[in-house]
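With the hints as your guide, set chain B with the ligands onto chain A.
So the protein sequences, as listed, match chains A and B.
Per the numbering used here: the first sequence ends with 921, consecutive numbering throughout.
Per the numbering used here: the second sequence ends with 1396, consecutive numbering throughout.
Hints are not guaranteed to be accurate.
[As the list claims (entries may be wrong)] Beta-carbon label-pair distances, calculated as ranges:
1) Gly1079/B <-> Arg317/A: 31 to 41 Å
2) Thr915/A <-> Gly1057/B: 26 to 36 Å
3) Asp1319/B <-> Arg375/A: 29 to 39 Å
Derived by calculation from the structure, the hints in this document are not laboratory data.
Only a predicted model underlies this, so the values are computations on that prediction, with no experimental measurement involved.
Just so you know, even glycine gets a beta-carbon here, dropped at the ideal spot from N, CA and C.
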Amino acid sequence: MEKTVKLTIDGKEVQSPEGMNLMDAAELAGIHIPNLCYLKGMKGIGACRLCLIEIEGLKAPMIACNTKVREGMVVNTKTEKVQEIRKFIIDLILSMHPLDCMTCTKAGICNLQKYAYEFDLKESSFTRKKFGYPVDEANPFIKRDPDYCILCGRCVRVCKEQGTNVLEFMGRGIGSKIVTANDKPLQESECTFCGSCVDSCPVNALLEADRWRKGREWEYERINSVCLLCGNGCEITVSTKDGRVQKISSGAPAGSAEKYICAYGRFGFDCIEAETRLTSPMKKIDGELRGTTWEDALKIVADELKKAGKDAGFISAAGILNEDALTLKKLARDVVKTRNFDTTVSLYADSDSLKKSQRADIDRSDLIFLLGLNPSQWERVLPALDAAVRRRINRGAKLVVINSSETRIADVATVSLKGDEISNIKGIIKVAIEKGLKADKKLESSVKDIESTEEIEKASALFIEAKQPIIFSSPALFEAASNLSLLKGKKVIAIPLESNARGVVLMGLTTEGKTYREMLTDKMKALYVVGEVPLNKRPDTDFLIVQNSHLTGLAREADVVLPSATFLESAGTITDFMGRMKYLPEVIEPQGESKSHRDIFILLAKIMGSTIKRPTEAEVKKASNIKVKLSPVPFVKKEGLDISPQEMIESINASVINGSRLLWLKETEKTIAV
Amino acid sequence: MSGDNIKIKICMGPGGIAAGGNDVIEAFKGQLTNQRINASFGEQCSLHQVGCRGLCAKDVLVEIIIDGKETIYENINPEKVPRIVKEHILGDNPVKEWIAGEDYDNFKKKQIKVVLSHCGEIDPEDMNAYIEAGGYKAAHKALTSMSPSEIVETVKTSNLRGRGGAGFPTGLKWELGLRIKSDVKYVICNGDEGDPGAFMDRSVMEGDPHSVIEGMIICAKATESHKGYIYVRAEYPLAVKRLQQAIDQCLQKGYLGKNIFDTGFDFDIRIFQGAGAFVCGEATALMRSIEGKRGMPTPKLWRSAEKGLWEKPTVLNNVETFANIPKIILNGGDWFRNLGTERSGGTKVFSLTGNIKNSGLIEVPLGISLREIIYDIGGGIEGGRSLKAVQTGGPSGGCIPAALLDIEVDYESLAKVGSIMGSGGMVVLDETNCMVNTAKFFLEFTQAESCGKCTPCRIGTKRMLEILERITNGNGKEGDIELLEDLGSHIRATSLCGLGMTAPNPVLSTIRYFRDEYEAHIKDRKCPALVCRNLITYSIIEEECTGCGACKRACPVDSIRGVRKKPHKIDPELCVKCGTCFDVCKFKAILKA
Ligand SMILES: Cc1cc2nc3c(=O)[nH]c(=O)nc-3n(C[C@H](O)[C@H](O)[C@H](O)COP(=O)(O)O)c2cc1C
Ligand code: SF4
Ligand code: SF4
Ligand code: SF4
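Okay, chain A solo, but in the shape it has when bound (with noise of 0.2 Å):
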């Protein structure tokens, strides 16, 4: 349990956590203390100084983003003193704003307007005065606009604290500005577009860049909700309006840093509707594709499935939800009885390593490994897993990267162990051994005849120090990794592409038959393909059934093309690489005729004259339940997982990248890069 201590706030007793600060105590009270800089989450920096509140015994104010709470405190939050500092604050920042409430994108949740409301300031007592200054928006993603900046600073600090760095504040004075590295636009510096410092700006300076006219803030229905389109399954915040996506932002209340969504989660929604997307069910006729009714469609896939029965072959991607994935198996399995369904979480993961994974709480770890991973920001692998793990180090925790290739995020590692991986954790487990670690005797005599180095002995002196580890792992050292959590007890998880493989795993949809691969190989009566995988070419079949949200090249060479729903239109549960189940509303109706995968099973059943009942929330966690106890096993590295994470993340988001403004990222970056 941790400590608590007792204080008084605008005379309300509470009770608050040892070591918080005032801000996030009066917070948890119902208590709300002004402030335009604070990041619920990072070390107060007392930039507004709106959140100057008095305490008794105490001359001068104090700033609550910065003062931690004490026993038998007595804060008050809404003396006359402070109130009238606050409003001198606000003052003088509209001295210095457009006051373009009428018209302002933000209008709704600026917290600037919110404040002049609350201290009933219609316009500054001062002069006011405007930069004029360029407006950055040469890119479709984030427009600048450093006119209405206060400098609170919440930008630089986000983006400093997920390691991106790309902000900083430049000049003295009254000429103080935020900007990019020699103040070029965005597009020139190394930002990746992931939009965090968008959702942090308490005003208009920063604003998602196609935003105006598409509504106001208070126009907008959000939705919580979950992206599917890599492995991190990162939580977002739809707005809709009328029915149409019209923002996402990250899952993390406004005004935190929590949370970090990237330029995919962020912007390709445009997709949705996109010139690929279907809208309805296509035949091939005469070689080429033509609309058709679902009953007909689904009449020919039906009958090809029964031709084909037990040579029917299933392959799905693993971004689709558990029920899917239950619903899938049930169809494949029992009614067109076949043994062959496998998901493209057999390129680069077992399903052994994706059940033994555990659950763990990254913002709670103190030292992390990263085994054969390379995630990055900037090259959009696992981006958010990226973040996570700079940001846990900016606020103290320490990194230990194992990679026999180059990554980026060795740069901010404590220890990073180049060459051979296994011997690498190999030595780490013989040197805690040998520093009083306990161990079962087959992995201490299996670690023997490893010489250790001084990094090694670095990061095994990490290890046995910490209090939470987590070790991350590719799928493929998946083995290793747990050997040496095992000699902690501690966290180990393996880390997939993309967001359901755990899911998916989890609900059985790994196959009985033959393997992915081979059903590419061996020529099936039927092969069903669900969702976007990476195959570009029709691979040698009889029937080629693609269903999908989006005409990729493979559906253009099919036979039928089935509409799906994309993740914003259906609802369900995926269950994360950490092992969080998390739930999916269906934010936005599917697009024309389009329908969840599920719904598409459940049909295509009843016209082989088969029921499949949808599946229930209990259905779906009794899958999920699974105990699994680790123990020691050999030291391999698992062949042929070893698919590319940037193309394999790529092709499965190709119809999102070529149906969205990312298109333009992919293309500028080209340039640049030439």
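Showing chain B with the ligands alone in chain A's frame:
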């Protein structure tokens, strides 16, 4: 040649260099070789460049010591050197008319030199000179025969307070530094000295670098620290050079590095060159700057003694603070304490500038009155004009009116009258200074140097500045004074760091003592000191005007009319108030009002 031991000391402090000290040295070298005296290495005659002697108004100062007999020359330039060499050195007959006079004696009389005792006496590049003058005895004593807490006690007894501005008791700071345990601790010397025109710390770093290092060694021992930094602004290349030289000399001699004086104590010092922003002198901003971040102050949740540089316990003191330490250790805390007042021990260095006769660097015991400083040491106001105010504490200080000249100079009494001690700037203002304009001048500086982090300082000082601008431009409004007071008190109360908290001082203190001048600007549209251009009018006094036409020809905008030999007239609509006519009129017929 007369004596067999001749020393020539040439003042090469900032003032000396500016006045051409290098040329004077060269001239001496040339002369001495001409006269066939071996200049630099001769057993009998040696040439020394020494640090600042203080009286910069009379630079270059040259001292000649023959067999212990000292003679000081003032205002020396290369042309004067041959005669000095010929008559004084070779002829044993000092050049009377160039010998420093009464001013120099008065200037020295009321000063007590502790920090500056070596400046101007020893060659700062020569470690042996420092050692001969008693240097490193204190460090040796502290390391070999004192415990950390004994050192702390001595410093506490001395009543030494931080010379960087805030006046925090140094002994207490060190005590805290000692109490907090950590494997890594830092000692930092703050040599940023960003106040415009200030050169106290610079003079010490350039003129007596070893005293700073010795102070730091003692501090390291007292707080059990093994790593030190000296933060020097990059604009002080000579200070950097001399300090580095001194550090290298110490390393060679074993006074720094491992196992100092064979006591097993290790201490290293590194120099960090700052980029020269004023705010980087603020302790937390300075530490961020060393860490490689932007120099921006951070709120002090922890005192630096607990979490400072890289979150490790850190003791940070000013250059002058450190330079006092060796003397305190050698002469005892009580000795130092008794030099000053009850609340602040010792002496303080000031740079005396502005409209004063003997401008320069002075060191006086705390508790001396402003009057003594200005009239006895400074020789009073230039040109017989009357004193109006003394501005102390640098750009964030305040103006003290002539009426308060008898206050004692120490931290509390200066604060009481609305100013601060600051790092020791002292600007003398007379009747030709406009107080509104003076306040504006200082605020311009602080606004431009605000780090921009916190709202009141970044925007508030700008708003104040705008109001001052309109007042001095003749567009002041009723209520502006109150608005300034209001803004000033809010900024003072709400800013994050000392810069913002003190930025309104010049404005608030001038309003407090010279409100009538503000009112004259606003209500009468007049600048009583005739400084604010837009508030001055030029007219021609008919009776005095001879009609010579000089002003007419000189006026750049053709605003003067008149025929020869008849009184001329200025068209006020056209006049741009450049003052050219005033300057060219030989008959004092132009009235500036
Ligand atoms: C804006 C600002 C500028 C400062 N500049 C200096 C400086 O140039 N030199 C200095 O020693 N202290 C400066 N200080 C004071 C330091 O923050 C700190 O108090 C001091 O260096 C501590 O040393 P001391 O106790 O020996 O005085 C400055 C403070 C502020 C707020
Ligand atoms: S751009 Fe926004 S978040 Fe960044 S400093 Fe300005 S107001 Fe703050
Ligand atoms: S990191 Fe992955 S899951 Fe997170 S927002 Fe980006 S694409 Fe989506
Ligand atoms: S008071 Fe001024 S200099 Fe100090 S932190 Fe605030 S803005 Fe920066």
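Taking the hints in turn, this is what the structure says about them:
no. : hint                               : verdict
1   : Gly1079/B <-> Arg317/A: 31 to 41 Å : holds (40 Å)
2   : Thr915/A <-> Gly1057/B: 26 to 36 Å : violated (60 Å)
3   : Asp1319/B <-> Arg375/A: 29 to 39 Å : holds (31 Å)
Against the hints set out earlier in the document, a violation occurs for number 2 only.
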